[in-house]
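J.: From first to last, the protein sequence lines are chains W and Z.
Here the first sequence stands for residues 1 to 363, where the numbers follow the numbering used here.
Here the second sequence stands for residues 1001 to 1355, where the numbers follow the numbering used here.
Hints in this document: simulated from the structure, not taken from any laboratory.
Everything numeric in this text was worked out from a predicted model, so none of it was measured.
Take these hints with a grain of salt, some might be off.
No farther apart than 20 Å at their CA atoms in a straight line, the calculated lysine-lysine pairs in the PhoX-like style are these [to be verified]:
| hint | chain 1 | residue 1 | chain 2 | residue 2 |
| --- | --- | --- | --- | --- |
| 1 | Z | K1131 | Z | K1100 |
| 2 | W | K75 | Z | K1268 |
| 3 | W | K75 | W | K123 |
| 4 | W | K268 | W | K346 |
| 5 | W | K104 | Z | K1100 |
| 6 | W | K298 | W | K225 |
| 7 | Z | K1303 | Z | K1268 |
| 8 | Z | K1004 | Z | K1014 |
| 9 | W | K278 | W | K298 |
| 10 | W | K185 | W | K225 |
| 11 | Z | K1094 | W | K102 |
| 12 | W | K154 | W | K104 |
| 13 | W | K278 | W | K268 |
| 14 | W | K102 | Z | K1262 |
| 15 | W | K212 | W | K185 |
| 16 | Z | K1094 | W | K75 |
| 17 | Z | K1131 | W | K104 |
| 18 | W | K123 | W | K178 |
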Amino acid sequence: MATLEIKNLTKKFGRKIIAVDNISLEVHDGEFLVLLGPSGCGKTTTMRMIAGLEEVTDGTILIGDVDVTELPPRKRNVSMVFQNYAIWPHMTVYENISYALKLKHMGKSEIDQVVHDVARMTKISELLERLPTQLSGGQQQRVAVARAIAVSPKVFLMDEPLSNLDAKLRVSMRTELKTIHASAKATTVFVTHDQSEAMSIADRIVIMQGGKIVQIGSPEEVYEKSADLFVADFIGTPPTNFFDVELKKTGETLHLVHPHFDLSLSPKNAALLQGYDKDRLVLGVRPENILLANEQAKIMSTTVLVVEPQGSHQVIAFKLDENIIKMVAPAQPKMKTGTTIHLNFKQEALRFFDPDSTLAIGN
Amino acid sequence: MKSKTNKKVIKAAKETVFYLFLTTLIAGMLLPVYFIISLSFLSTREAYQYPLPLVPAIKTDMELGYGERGYLLSVWDRIDKEYQTVLDTADLEKMEYYIKSQLGTKITEEELLIETSRLENSDEESIFFTKPRALLNNYDTFFTVTRDAVPALIRSLQIAGLTILISLSIGGLAGYAFARYIFRGKDTLRFSVLFVRMFPGVAIALPMVFILAEANLYDEPLGLSLIYSVGAIGLTIWITASIFMGIPVSLEEAAQVFGASKFQAFMKVTLPLALPGLAASAMYIFLGAWNETVAAIILTQFKPTFSVVVYQTLLGASGQVNLAAAGGISMAIPAIFFTFFLRKYINRMWGGVKV
């Protein structure tokens, strides 16, 4: 196992398209790092450059302090799980797993040992003599993972490995990948566009947009302290609600004024906005931070538009002007369309964004 | 109840019509094949009879009597059901040749001598004897009598082999490039590949002769296979490009990540998966080069291909339909054999290993 370091990495296709724009990041030994972003954000290109499948336009890639930027894939000591698994259809499962070991000139009995070990770990011991066409999608996925861990790589790359599985299998494979990672302790880079997948599996998440890194942090950090409007909107289901508000000062108290509510900020939040000199900002409130309140504590009242019961909780949607706002409330009491509700915000969880730079204000 | 029976009747009637139609269709396709195979086994005498016998005779019944010039040879006619006089001669060598070439039956001069002496020693006006037909006589004659049929056969195999080699190596690599890489002028090039197939061979025969003569390749197998490759390469590019496109790049990339060089990845992963497509191309190229006649007539003089030889047996006064049939069948056999040999690879393309 080793660390992976990327310094000022850039990838251009042709002269105009910049797929990856000067990114730097470090993956710690044994860490599970997720590259997250919408399609076209450069996350897959970044991974392919780490693997050596894509030439680097500018920058360096270090694996365990060795500069691998110019090395061909086979000399980098990485392994990869591809989105379409890429297991070789004309070889049996056993041959698929052992191919890389053979190329490493490993002894026959040793290869046998390794193949059976990883097969046990990925629960495919019974499938070793089968051809890939005789396997289900989930089984093919396991073979791809087994093949990747058999070579005990320094860095383990996964390119949206779960996106071809059905929803239920995807969730259970998540847990399994995490378990396998825990036992193999491989430094892992995992690419996905699915934020809930990223949240549930990652040690740290790197969020990318337009070829640039927007934020790096633990799942809690990117959720609670989203660095900008994009992250706040991208992470979490339902996403963060945004309100364009005016910043007003009455005496010593700061007010956020919106056509539908007037929120006086707590001293702690007011302190966050101390250095901010514009009179407008974007208020971000996570759905679970909009609270049902009684008549006295409310800052606004509205009528319920739609209720989405989720069992453990319910998602309530209502309309403010043309915007649909979603909030998460406990399963009881049950809400109905048309009911009038009184709302308040959880002060300590409010986020403020600069409408011009889109960046979070205050940290 | 009644409607149920009605339905059954209608269903049976539909099926009957369907199978009748199928039978007619298959018969329509197989009859000419049967006809030419049967024709290739007939004796010359049979081949020019009307109506044509459906199956070749397996023995020849002959009658020997006295004629004006010597011995009178008659032969049993299966259609008219009588002995018909065919030859009057004292020359046994001539009689032997006649029996071989016209009746497709082998008899030695000594045997004829025995039969004639049997006739002389008997009191009868004529005697009867039966000989088995030499069924492969037409093939025998075709390869011994026809001017260089065997060398032409070898030459044709050579040309087909060379054409496969040239077309597959150039066309296969080009197909790979078309499938995997983006380069300037790709679309134009892909179209121009078809462009070369738009000219009929006869239309550009003269320049082809000049160019080949200039390159000292006129009347040479290599020259012909180069000409055939021009068309075959285009076809190969189109077939192999689509095959390579069907093989995900990630399979090759996976091989590279797991320790293979680019070349190893191609050899170990892409090539085995492309084999059915390459086999199909090889089959098309072989059939194209093997069957081609027009260009071969124009571009050969003393070293004809097999198809030219078969074509020549149809020409002139010596043209015998049963010989030509034997030549045609001899020409079809390698093509059929080659197709069946490659069939298992091509089958894999349609079923078997999915890419």
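J.: Determine for every hint whether it applies to the structure shown.
T.: Evaluated hints:
1. K1131(Z) x K1100(Z): holds (11 Å)
2. K75(W) x K1268(Z): Cα-Cα ~18 Å, so holds.
3. K75(W) x K123(W): Given pair K75(W), K123(W) is violated - Cα atoms ~29 Å apart, limit 20 Å.
4. K268(W) x K346(W): Within the cut-off at roughly 13 Å; holds.
5. K104(W) x K1100(Z): Roughly 71 Å between the alpha carbons, so the hint for K104(W) and K1100(Z) is violated.
6. K298(W) x K225(W): With Cα atoms ~25 Å apart, K298(W) and K225(W) exceed 20 Å; violated.
7. K1303(Z) x K1268(Z): Between K1303(Z) and K1268(Z) the Cα gap is close to 41 Å, so the pair fails against 20 Å, i.e. violated.
8. K1004(Z) x K1014(Z): holds (15 Å)
9. K278(W) x K298(W): violated (27 Å)
10. K185(W) x K225(W): Outside the cut-off at roughly 28 Å; violated.
11. K1094(Z) x K102(W): violated (75 Å)
12. K154(W) x K104(W): holds (15 Å)
13. K278(W) x K268(W): Within the cut-off at roughly 19 Å; holds.
14. K102(W) x K1262(Z): holds (17 Å)
15. K212(W) x K185(W): violated (28 Å)
16. K1094(Z) x K75(W): The given pair, whose Cα atoms are some 83 Å apart, is violated under the 20 Å limit.
17. K1131(Z) x K104(W): Distance ~73 Å between K1131(Z) and K104(W) Cα, so the pair is violated.
18. K123(W) x K178(W): Cα-Cα ~15 Å, so holds.
Hint check: violations occur at hints 3, 5, 6, 7, 9, 10, 11, 15, 16, 17; the rest are consistent with the structure.
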